[in-house]
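Start from chain A and add chains B and C according to the hints.
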Amino acid sequence: MSIGWYLAVSAIVFSLGAFGVITRRNPLVLLLCLELMLNGGNLALIAFSRMWGNGDGQILALIVMTVAACEVCIGLGMIVAIHRRRLPVDVDELRELQG
Amino acid sequence: MSSVLFFIAAIGALAGAVGVVTLRNPFYCVLALVIHLIALALLFLLLRSEFVAAVQVVVYAGAVMVLYVFVVAYVGGDGESIGERLRGAGAGPSAGGLRLGGAILAAAVGIELLIALLGTGLAGVGGHGAGYVPGPQAYGTPAYIGKLLLTRFLLAFEVASFLLLIGAVGAVVLARRRGGLEDADGQPITPLELLRPRGTGTTAESVGRHLG
Amino acid sequence: MSTTTYGWLVLAFPLAGMLATGLGFRVLPGRSAGWLGTLAIFLSFLAAIGALLSLQHHGPEHRQLVSSLWNYASTAGIDAQLSILVDPLSVFMILTVTGVSTLIHLYSISYMEGDEGFVRYFSYLNFFVFSMLLLVLAGNFLLLIVGWAFVGAASYLLISFWYRRTTATRAGIKAFVINVVGDVGLVLGTYFIFKHTHTLDLLRSFHAAGAGAFGHGSNAAATGDGDLTAGCILLLVGAFAKSAQIPLHTWLPDAMEGPTPVSSLIHAATMVTAGVYLIARMHPLFELAPAARDVGAIVGALTLFVAGTIGLAQTDIKRVIAYSTMSQIGYMIMGVSVGAYAAGLFHLMTHAFFKALLFMAAGSIIGAMGGEQSLNRMGGFRRAMPFTYGCFIIGGLALSGIPPFSGFFSKDEILLVTGEEGGWHWALYVIGYIGAFLTAIYTFRMIFRAFHGEPVPEARELEAGHLHHAEHPSNPATGELEDTGVGFPGPIHAIAERALPMRIAMGLLALGAVGAGLVQIPKVDFVIDDFLRPSFAGSKLYEPHTKNGLLAFGLILGTVIGLAGIALAYRVWVARPGTAESIRNRVRPLYELFVNKWYFDELIDALVVRPVALAGDFARDVFERRVIDETIVGGTTGIVRAGSAAVRAVQSGFVRYYAALLLVGVAGTGFYFLLQS
Chain A
46 MSIGWYLAVS
56 AIVFSLGAFG
66 VITRRNPLVL
76 LLCLELMLNG
86 GNLALIAFSR
96 MWGNGDGQIL
106 ALIVMTVAAC
116 EVCIGLGMIV
126 AIHRRRLPVD
136 VDELRELQG
Chain B
77 MSSVLFFIAA
87 IGALAGAVGV
97 VTLRNPFYCV
107 LALVIHLIAL
117 ALLFLLLRSE
127 FVAAVQVVVY
137 AGAVMVLYVF
147 VVAYVGGDGE
157 SIGERLRGAG
167 AGPSAGGLRL
177 GGAILAAAVG
187 IELLIALLGT
197 GLAGVGGHGA
207 GYVPGPQAYG
217 TPAYIGKLLL
227 TRFLLAFEVA
237 SFLLLIGAVG
247 AVVLARRRGG
257 LEDADGQPIT
267 PLELLRPRGT
277 GTTAESVGRH
287 LG
Chain C
527 MSTTTYGWLV
537 LAFPLAGMLA
547 TGLGFRVLPG
557 RSAGWLGTLA
567 IFLSFLAAIG
577 ALLSLQHHGP
587 EHRQLVSSLW
597 NYASTAGIDA
607 QLSILVDPLS
617 VFMILTVTGV
627 STLIHLYSIS
637 YMEGDEGFVR
647 YFSYLNFFVF
657 SMLLLVLAGN
667 FLLLIVGWAF
677 VGAASYLLIS
687 FWYRRTTATR
697 AGIKAFVINV
707 VGDVGLVLGT
717 YFIFKHTHTL
727 DLLRSFHAAG
737 AGAFGHGSNA
747 AATGDGDLTA
757 GCILLLVGAF
767 AKSAQIPLHT
777 WLPDAMEGPT
787 PVSSLIHAAT
797 MVTAGVYLIA
807 RMHPLFELAP
817 AARDVGAIVG
827 ALTLFVAGTI
837 GLAQTDIKRV
847 IAYSTMSQIG
857 YMIMGVSVGA
867 YAAGLFHLMT
877 HAFFKALLFM
887 AAGSIIGAMG
897 GEQSLNRMGG
907 FRRAMPFTYG
917 CFIIGGLALS
927 GIPPFSGFFS
937 KDEILLVTGE
947 EGGWHWALYV
957 IGYIGAFLTA
967 IYTFRMIFRA
977 FHGEPVPEAR
987 ELEAGHLHHA
997 EHPSNPATGE
1007 LEDTGVGFPG
1017 PIHAIAERAL
1027 PMRIAMGLLA
1037 LGAVGAGLVQ
1047 IPKVDFVIDD
1057 FLRPSFAGSK
1067 LYEPHTKNGL
1077 LAFGLILGTV
1087 IGLAGIALAY
1097 RVWVARPGTA
1107 ESIRNRVRPL
1117 YELFVNKWYF
1127 DELIDALVVR
1137 PVALAGDFAR
1147 DVFERRVIDE
1157 TIVGGTTGIV
1167 RAGSAAVRAV
1177 QSGFVRYYAA
1187 LLLVGVAGTG
1197 FYFLLQS
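Protein chains in written order, with the numbering used here: chain A, 46 to 144; chain B, 77 to 288; chain C, 527 to 1203.
Rather than coming from a laboratory, the hints here were simulated on the basis of the structure.
Just so you know, even glycine gets a beta-carbon here, dropped at the ideal spot from N, CA and C.
Any given hint could turn out to be false.
Stated by the list, open to error - Partial selection, computed: residues in chain C whose CB lies under 8 Å from chain B:
(1) Ala1186
(2) Leu1189
(3) Val1192
(4) Ala1193
(5) Gly1196
(6) Phe1197
To be verified - Covered by chain C, per the in silico footprint, the following chain A stretches (three or more residues, Cβ under 8 Å):
(7) 60-68
(8) 130-140
Isolated chain A, as found in the complex (with noise of 0.2 Å):
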């Protein structure tokens, strides 16, 4: 398949995730519709990578792996104290930080 296809399905993943983390509640599912919008990133990287057939966007792709198991341990993270807390584990609960 061309390469235009990876990228379609790149487009359709990151829009689903998008919708995904505006509209769920819990925030551990939040968090995986997080991942799931980096997952559409790393697909078009690697299509891109393909078309040109430098390894820039596999390197690339691997960081922003890095950077998304980082990004989900200190997210799990903050969430086990709160749920040790007995905060409500819910994103509209969890509102402080306001102007």
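Relative to the frame of chain A, chains B and C by itself:
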């Protein structure tokens, strides 16, 4: 053959994505994401990026998702769907409105992306990629990636490892139990306190809060 | 030493005295501050004599000497130098000022004894003398204005000397505010004159005026230019404020709140004569602006009449003398306005002597009364205080214009020149003689009421040898109780019969009051005329052109009127004691008018004070609060607050909200770039 594989992988990826977004139970969402990741790995393979595909399966689907499973098992979270009404008075936008608005917004973004990506004047988008020469250090092999990492992308490599370190430390700090380092009155001691002992006269002290 | 060096010394000694007493007020023991202050002024007096003698060495055409210490500022066409002008007029003034001041300082040493503010008093008094000398020695408008302002400040400091008395501080403020009105007039007048002469220096200014700087020929009969007239009238406003002429006179009676020597120095001999000096000094300008001169003459005549009538009804002894001062200054202003410069200045000198003497004697009798000042409570002090009585008689006779006392010669010469002007000046002539009649009446009313008749208890005490002291010191005007600490009068009251410095001072002044007239007997000797002539060279009005007939008539009329006044006063207040009561009942409305000082205070209150207070209230309540605080400041902050509240609403705390916003941004940006391409 590759087209068939492509469609299988693409449909799997999309199905997984839809599943993550819509499923009620967080566990199921995690599983859907695992399916999505594996489908994506297949797509990577079709694009001749074998190392990245392997990393995707091993690290992403393997380690990160397992971590997710553990946390979801521990925390759980209430299974709720996107349609549920929000609790609490004066909470954020209503569920229905949010769903509709979110859908429109995501659709807008998606359409724009499609137009941008497919409508670009790049000639290669319509092609099948640059030529592929198999070999020990061909495109996509670990050797190839390794060479790139240690020559052109050395800085990125080092920074990424540093980031991992910070992430690890942060996670430990976040998740540690209370009852770690403490001083005499039961207030936890922070590293800052070790540098600036009590009684040095900071503003925080004066308002009655200990450092950290 | 040159003449001008003497001039600088005259200024330097009081300044040094002020600094020495002011800075050393903690270390000067006992009454030494008083002696130090007196010494400073005495040295100044000696320097003034030195200036006189050395001035006479110059030929008559060269007797106007200017000396400049340094150039203060020369910019934008303004030449401001620290320069003094030593000429016969200023030497005349400094001799009078320093001479009388020395005697008053001497008097004060005894009078102010026991007061907690003794050293402060002498410092202020030296400051005052310095300012007055600066005013009369000033060689340009700048120093004149500076001296003028300093004199006003010194007057405020000294009037409110007993500052814990509310009446005193209020009087000080009143005096200062009215003086400031005069200052404004003076400065504006200077501006109008400067506009045409382009110089601040006095002599150069006069020269320019004579050379036609104001746009007309040097013909004395020519009408002045509008600016010149305006400038001269504004200078007159300044003169009226300082010399307490109508309508800026209301501060002078209130200024009697100050210690009696202060009244004697400032409000009799020196400060109030500054206006007279000003007109005499500015005579070249005034002669070119006849309208201004007429204004001066009319106001002078009006004041002397009104003040005379008020003096008939006052009961506070110091206020009687204050109104008498106002009246006599009216004579002087009238004199220098019609051109009788030498006569007016001569009257200034003799008036300084006998008025200071009268005030000193009043201080003595007030001391005998233990601080009480009302004539209603005084009586029969003749046997108890013979020296004071004698001084009062001498001063009173001089004031009433009885020959051979000095007041006679000076006052009648003024009226003579006024009569000779002719035309409507005859009205002023008549008013002048009516005023003389009133003067004699109220002066001797005061003397007879205080010294004749039944002795009051305080007088009997004094005859027995004991000086009366009030058990609880109180404010003589309102009766409020006070104490004798700092800010209030001290516990010791001095009288002339017991204090040698007071006797010396009063005695010397009495000699002056008696004998000063002899230097200017009409047709016999012209000491003052000759002395002052170089200052008035170029004046068309200076030369005395006396008609013999009018002279003789005037002299005889003056004597007769004076004696008649004394006789009338004797009849009403001594011979038939109930007469005053019955006269008062018969002309009650007139009496009310005089006692209420012709309602000038109420008039000024209604015309000036109330509107200004209302304007201030309006500014505070409406303008400041509504417009500025609420609308401008409050509006601005309100807008900022509303804006930030609106912006704050975006920070709702909902993560999903933020994500949505983010996505909106992304979509928008993408859309924009898609459109571009």
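Hints versus structure:
For C/Ala1186, the interface hint holds, since its Cβ comes within 8 Å of a Cβ in chain B; the closest pair sits about 6 Å apart. Nearest Cβ of chain B to the Cβ of C/Leu1189: about 5 Å, under the 8 Å cut. The hint holds. Interface restraint check: C/Val1192 against chain B, minimum CB-CB distance 6 Å, threshold 8 Å, status holds. Taking 8 Å as the C-beta cut-off, the interface hint given for C/Ala1193 holds, the closest approach to chain B being about 5 Å.
Interface hint status for C/Gly1196: upheld, as the beta-carbon distance to the closest one in chain B is roughly 4 Å, under 8 Å. Interface hint status for C/Phe1197: upheld, as the beta-carbon distance to the closest one in chain B is roughly 6 Å, under 8 Å. With 4 residues carrying a beta carbon less than 8 Å from a beta carbon of chain C, the segment 60-68 of chain A meets the three-residue requirement, and the given coverage holds. Residues of the segment 130-140 of chain A with a Cβ under 8 Å from some Cβ of chain C number 4, which satisfies the need for three, so the listed coverage holds.
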